[in-house]
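**Student:** So you can see what is in the structure, the chains are spelled out below.
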Amino acid sequence: MGADLRAYLAHVELPNPVLTASGCGGTGRELAQFSDVARLGAFTTRSITMAPRAGRPTPRMAETPSGLLNAVGLQGPGVDAFLQHELPWLVERGTRIVVSIGGGTAAEYAALARRLADVPGITAIEVNLSCPNIEDRGRVFAREGSAAAEVIASVRAATRYDVPVIAKLSPDVADVVAVARACVDGGADALAMINTPVGMSIDVDTMRPALAAGTGGLSGPAVRPLAVRCVWQVHAALPGVPIVGMGGVTTGRDALELILAGACAVAVGTALFNDPYACPRILRELEELLQRRGLDRLADAVGLAHRPAGSQQRTRTDLEESSL
Amino acid sequence: MGADLRAYLAHVELPNPVLTASGCGGTGRELAQFSDVARLGAFTTRSITMAPRAGRPTPRMAETPSGLLNAVGLQGPGVDAFLQHELPWLVERGTRIVVSIGGGTAAEYAALARRLADVPGITAIEVNLSCPNIEDRGRVFAREGSAAAEVIASVRAATRYDVPVIAKLSPDVADVVAVARACVDGGADALAMINTPVGMSIDVDTMRPALAAGTGGLSGPAVRPLAVRCVWQVHAALPGVPIVGMGGVTTGRDALELILAGACAVAVGTALFNDPYACPRILRELEELLQRRGLDRLADAVGLAHRPAGSQQRTRTDLEESSL
Amino acid sequence: MQVTGTVLTTRRVDAYHALTVVAPGIADRCRPGHFVTASVGGPNTSMLTRRAFAVHDVKPDYGGTVELVFGVRGPGTAWLADLRARDTLDLVGPLGRPFPLPRDPCTCVLVGGEYGSASLFALADALQARGCRVDFVLGAPSADRVFGALRARRMGETTTLTTEDGSLGMRGKVTDVLPGVIADARADAVYACGPMDMLRGVTAVAVEFDIPVQVAVEERMACGIGVCMTCVLPVIGDDGVTRMVRACTDGPAFRGERVRFEDVGTIPFDALGAPGGRHA
Amino acid sequence: MQVTGTVLTTRRVDAYHALTVVAPGIADRCRPGHFVTASVGGPNTSMLTRRAFAVHDVKPDYGGTVELVFGVRGPGTAWLADLRARDTLDLVGPLGRPFPLPRDPCTCVLVGGEYGSASLFALADALQARGCRVDFVLGAPSADRVFGALRARRMGETTTLTTEDGSLGMRGKVTDVLPGVIADARADAVYACGPMDMLRGVTAVAVEFDIPVQVAVEERMACGIGVCMTCVLPVIGDDGVTRMVRACTDGPAFRGERVRFEDVGTIPFDALGAPGGRHA
Ligand SMILES: Cc1cc2nc3c(=O)[nH]c(=O)nc-3n(C[C@H](O)[C@H](O)[C@H](O)COP(=O)(O)OP(=O)(O)OC[C@H]3O[C@@H](n4cnc5c(N)ncnc54)[C@H](O)[C@@H]3O)c2cc1C
Ligand SMILES: Cc1cc2nc3c(=O)[nH]c(=O)nc-3n(C[C@H](O)[C@H](O)[C@H](O)COP(=O)(O)OP(=O)(O)OC[C@H]3O[C@@H](n4cnc5c(N)ncnc54)[C@H](O)[C@@H]3O)c2cc1C
Ligand SMILES: Cc1cc2nc3c(=O)[nH]c(=O)nc-3n(C[C@H](O)[C@H](O)[C@H](O)COP(=O)(O)O)c2cc1C
Ligand SMILES: Cc1cc2nc3c(=O)[nH]c(=O)nc-3n(C[C@H](O)[C@H](O)[C@H](O)COP(=O)(O)O)c2cc1C
Ligand code: FES
Ligand code: FES
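Chains as they are written, first to last, in this note's numbering: chain S, 1 to 324; chain E, 1 to 324; chain U, 1 to 280; chain F, 1 to 280.
Chain S on its own, in the form it takes in the complex (with noise of 0.2 Å):
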């Protein structure tokens, strides 16, 4: 028998942990080629705006060590044809739907909410602060905790008390914890972590950044560090607070890395890029992780890199390769 694997965001119930990372995972359709969306622990929407958004010129992407940029600059439809084409398709398959939000004030936040607020079949909002405000020279609200709170509190308000409000953060701040905590005061259910801090790169023959944009949002394996950096201080703060936690999750041990540092359920996005089929598999190898573990509930590994030094949990560890 397997191992109980359902993983709570709040009050509401995902029968497994692995979702996949907004903007990563397309409309859902795309990824459905490969394997059956309605089987993720929930599948993330890029973040939707209230306008379309042609995005940011190309290049969009370059590669960095263990790592990659990108400045996609939310291109979507807007969340009128967002409602018409995409959300239906993802409902009718029983999919379980986080729909990721994005706006440059807090009005814009509030009304996005309330456009979804009557819709049918939405799991879970998660509101991408790492957006510019434009009200404040164009300063990224998760870089504020004010601006991160009052964007959540105006989400809050406007949707259904049953559907969580996940904040997600940014790691490129002096302080996450201040900022998690401000929004949790806010009103958000949970919180998703992290985003991609802003990086750069130049390539060197052309002499130019690599991206059109300049900068970028920096994921991959490379960022996992700053993760897990993360998910631990916030869960250490805020115990209570369910955390989706991402960055750089390519396999089974780097999804239980993060839940050991606190997070109750993990989202996979540049490793869709290479393998398709990463949200399965990884779900498989942390299934057996767990079971190699003497941990028959997903639960109870939430946060167990916590626990003091040389306490007895430290259960079944011997069953792997024995350290000298």
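I should point out that these hints are in silico values taken from the structure, not numbers from a laboratory.
All figures in this text were calculated on a predicted structure; none of them were measured in a lab.
Please note that a few of the clues may not be correct.
[Unchecked claim] Calculated Cβ distances over 10 Å to all of chain F for the following chain U residues: (1) HIS17; (2) GLY41; (3) PRO43; (4) ASP90; (5) ARG153; (6) VAL181; (7) ASP188; (8) ILE211; (9) ASP238; (10) GLU257; (11) PHE269.
[What the hints assert, rightly or not] Listed below are several chain S residues computed to face chain E (Cβ distance under 10 Å; list not exhaustive): (12) GLU135; (13) VAL198; (14) MET207.
Quick reminder that beta carbons are idealized off the backbone N, C-alpha and C, glycines included.
Since chain S is already given, all that's left is putting chains E, U and F with the ligands on it; use the hints.
**Tutor:** Using the frame of chain S, we list chains E, U and F with the ligands on its own:
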């Protein structure tokens, strides 16, 4: 004839732009077994503290994808032993020496600077601002412009006018330009970036943090996109301020990337652990790359990627593999 | 689909490397213009993204093989060039929208730039099977970078070669000779694969002759399967609206006159969702 | 020094892999107890740090070869295990302080745990060349992880084997049999290489007998050349002061009774520069 590789840290001329990064070249003696430390642009010492420090417990290192986490904790013999046993050896060999200093209060940094003020043979003082401020609940100086500026001002005041003071910044802040500007306003003659962002790794076998200290600093190619971005942003905002770029430099191409972003010199850290000959090799590779691009003077390459798109300095890229 | 293929043979073809990989399942389903992506670097590599390659040849041997032809550009293609027979290669494919084929027999000019010609021979096969006449125009900067000249000569009614340095065929670009080829063959349609600049030029010629042109474009791709939105270019839709569409799943084959070549690498101000632009 | 060596032979030895690498310059200078570090993963690897290995055997063939013996633990050793003859391997060495040798002939017990015994044979050679008597005690959890039993039998005056599961020799640990071996041989000194726990136990036995003991320790290393300060352990100096010293350059060989085994993995409160501790 080779290119003119002289680099300028404020008014101080270095014969070439390749330095060792603080904490990565030991006392200099260890590297000297492999290559001549006097040939370096400069040798940067580990961060010297007032008192001897035993550092952090082991394990102090963990490998991550294209990265390295370390938590050495500024182990060192203290400034007196440094001046007695380590500095003279470097001075005797004619090494250009950047002395890095670390402290827990602005007063401690100032006291260190005073101890060094009358010591001959010091090329520059680098102020490691990634130390916890014991007067502000352990908040790292580099995370807060005003705290950083206060440290810099006190060091600047205690240092001979002809010895440049370099402020070393961290990338894990919401606005690196703001911190850089505060440091320059506080009297910094140059900036060094990046120090290691805080990361973490959990051993999924022991289900414990891989480092005894829990978190550690992330270095190596994984962080290069963060370094390039910081150098780019700060050079754009403060074009007149010399920047020592570092973070994941392992080849001449990497060094050139930071130089094109705006660094006038680069420092090599983690790469030394894999290749003890990294500094002379990187210098050789850099020189060749500059020449292939028709850049006779290093100074002409500094910040070159900032020139407006389509501008004419795009010379000689034709000598590289044609891009389709 | 994903297949862990086995390298059957490797060979050098002038400036290029050709890899034949046993990849049943992928081979079966390939149609002319499809591409595949390869995972590069092996275990613990620092290279995360797959590399895209047109499928040159498909053969039924060993349950199905595909052949890729590529030049070494960066570390990924360098790694591929080092593969030896019996090594494994992780492929995903077939990907993309293949070339649409004409319903009725007609005359087609196939234009290939550098390794772009690799995907034209399967296309020529399919066209000839439908009774079409096929003429080739292949070009490159130099002779060693013209791919498939011999095969084109065998298959094409005519074959015209161009090199910028004059080392093979006519000195110049494919677009210098294309009008003559179209006129001589009284061509009904053009297919082209190669560098963006060439596709732009070929499209201009076809538009001049008022005949349809299909181009297979190349953009930097992070996923190849349509989920990452990094590979977009401005293309005019049936409704006349320009959208930033994906080269990987909406293409790589497009009607040439629909691609806004001049604006590739930008967001045209009148594209759907352009900054400050009108909203649908 | 750094050498890009060529793999001469690879073989399996029970649970271990043995690699012989042509590495002139390194081979010449190796003395018993030295180690080398290998760069792993090849070009574009995501693995940055070198892996440290004791030098098992040095031979003069082909200008000088070194043999490494290792078990697969993680991705770096897995990569090494996949190397084949003629592949290249980038080595730095010899590194570390080798075992000090006694000035006068005496009787030495050499204790090896798992692959730790790999470095004892060169040591035995050197000791015997000085007229010393050598006795071996080798142990491991199971028979397949005892390394070098045959060779020990050939070289040693006596050889005692232990396994925790009893699959070879005596059931138990090397420390269970060591007192008997020391007593029987009337040993003057002990050398030990193996897991930290074993080194601690061996040191305790030697201290009991009041004979000197040299241990070769193993700590996680990022550089192996003394520049990174990640490989430290608390060792008592000649002045009685405990310092956090580097396993790579201050060791790996230490006098056993100087190593504060109980405190490895901590900063003892009385170490020089310990937090809140006294300052020199
Ligand atoms: C649909 C399609 C078909 C292609 N067919 C062929 C072919 O048949 N033969 C051939 O030689 N090349 C082909 N290419 C180009 C080939 O994908 C690139 O040469 C290759 O990805 C370069 O990888 P690299 O590691 O050597 O270079 P790098 O420049 O180091 O690659 C770095 C990153 O950029 C991406 N990238 C760089 N250049 C391109 C490019 N031109 N197109 C897409 N991604 C790129 C890579 O995927 C990688 O993620 C095709 C590209 C596309 C999109
Ligand atoms: C002086 C010395 C001599 C050694 N001699 C041998 C030998 O002869 N045979 C043998 O099998 N092993 C030996 N080891 C241990 C060997 O270095 C590790 O098994 C190896 O580094 C593990 O690499 P990995 O990638 O397989 O494992 P991982 O655990 O994935 O390695 C990750 C990182 O941790 C470091 N690391 C992990 N374990 C150790 C360790 N025990 N010691 C040092 N660094 C470690 C690695 O260098 C790497 O940076 C020796 C270690 C030292 C310090
Ligand atoms: C191409 C791309 C597009 C992304 N788009 C979004 C987005 O629209 N909204 C968002 O919140 N995060 C977006 N992200 C960030 C991911 O959701 C995720 O937080 C990040 O990539 C780290 O996870 P990974 O390393 O598994 O990719 C995007 C990432 C990539 C690589
Ligand atoms: C083991 C280790 C020790 C370090 N010690 C110091 C230090 O004492 N002071 C300091 O300012 N930076 C220290 N650093 C940071 C480096 O100087 C450098 O900023 C960082 O590692 C990025 O460069 P790299 O990627 O080339 O290593 C240390 C880094 C490492 C890996
Ligand atoms: S390459 Fe990802 S959408 Fe086209
Ligand atoms: S491993 Fe770097 S100092 Fe010992």
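**Student:** Indicate, hint by hint, whether the structure satisfies it.
**Tutor:** Here's how the hints hold up against the structure:
no.	hint	result
1	HIS17	17 Å, holds
2	GLY41	5 Å, violated
3	PRO43	7 Å, violated
4	ASP90	16 Å, holds
5	ARG153	39 Å, holds
6	VAL181	43 Å, holds
7	ASP188	47 Å, holds
8	ILE211	45 Å, holds
9	ASP238	43 Å, holds
10	GLU257	41 Å, holds
11	PHE269	40 Å, holds
12	GLU135	17 Å, violated
13	VAL198	6 Å, holds
14	MET207	5 Å, holds
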